[in-house]
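Participant: Sequence:
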Amino acid sequence: MSDLLTQLKAVTTVVVDSGDLTAIEQFRPVDATTNPSLLLNASQLEFAKPVLAGAVAYAKSKASSAEAQLSLASDKFAVDIGTAISKLVPGRVSTEVDARLSFDTDATIAKAHQLVALYKENGIGTDRILIKIASTWEGIQAARQLEQEGIQCNLTLLFHMAQARACAEAGVYLISPFVGRILDWYKASTGQDYTSDTDPGVVSVREIYRFYKQHGFKTVVMGASFRNVGEVLALAGCDRLTISPGLLAELSQQQGELTVHLTDTGATRSAPEQLNQSQFRWALNEDAMATEKLAEGIRKFAVDQRKLEQLIQQAL
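Its first residue numbered 0, the sequence shown is counted upward by one per residue in numbering that gives the first Met the number 0.
No lab work stands behind these hints, which were simulated from the structure alone.
Source: prediction; values computed, not measured.
Please note that the accuracy of each hint is not assured.
Claimed, not checked - Cut-off 30 Å, straight-line C-alpha distance, at most; resulting in silico cross-link-like pairs (DSSO-like, lysine-lysine):
(1) K48 <-> K61
(2) K59 <-> K119
(3) K86 <-> K119
Just need the whole structure built from these sequences, with the hints factored in.
Facilitator: Listed below in structure tokens is the structure:
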């Protein structure tokens, strides 16, 4: 019998959640995802130091003001790390828009165009990347336009069915519902322990997956933010799962028979009427967990983005 990771790869597209080239090379996933926190961690690794220096030099040669240089160097570093990762995976690399733009549709679109242009300079086309955007109403509307332009998106920080519905209705390519962060909130709020099957994060992703398949939505569901291998295994059969190197290592060392929990049985219902902005905002407002975790996630990514910029500023 093969290990659980090998079995999982047979039923789910496995994505690595890391900016560490060594880890990516070790596990050979189809796709890879990055975010400001992972890029901040990667900046401390030896391979990334010349990449960061190169990004700073590039920004100095292209922009005149200190503010423009800082912004460009940050984008260039993210894209150059993504470019290095793209050489190790056959599929796509997700690169995240600055979290501080999460409530500005036009600025998110402009930043996405900037990232796409930098990837193009590196010889990487839009078929190899996903632009990662927070699942706010403004972010989803930015993704709607980008998708129409042929720039496919990964909508992240997703904690609620309303976010999932709005993303699918906007024609978003892929969503990243966060499993572990939902569990974190419920454990802190209730003081209870949960099994893999009762884990609120697992339950949320299962509901989204079934909703999409039953209604014929084409948006890819990629579970993210896992706290343990039990959560990963409970979503076996999901379109994709993005998993940290540590959990990938655990899965590769465990034996046993994998149980497939999610299967696409085809569309059986017509799609409901699309959510409007007020319905979307009210649904989030009614869910304390989703409201708090979305806001917290944006703040944390913004904090790490600023830390990364501080490193870059020292080199400018």
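Participant: Against each hint, give a clear statement of whether it holds in the structure.
Facilitator: To see whether the hints hold, each was checked on the structure:
1. K48 <-> K61: holds, 20 Å
2. K59 <-> K119: This hinted pair holds, its Cα atoms lying about 19 Å apart.
3. K86 <-> K119: holds, 15 Å
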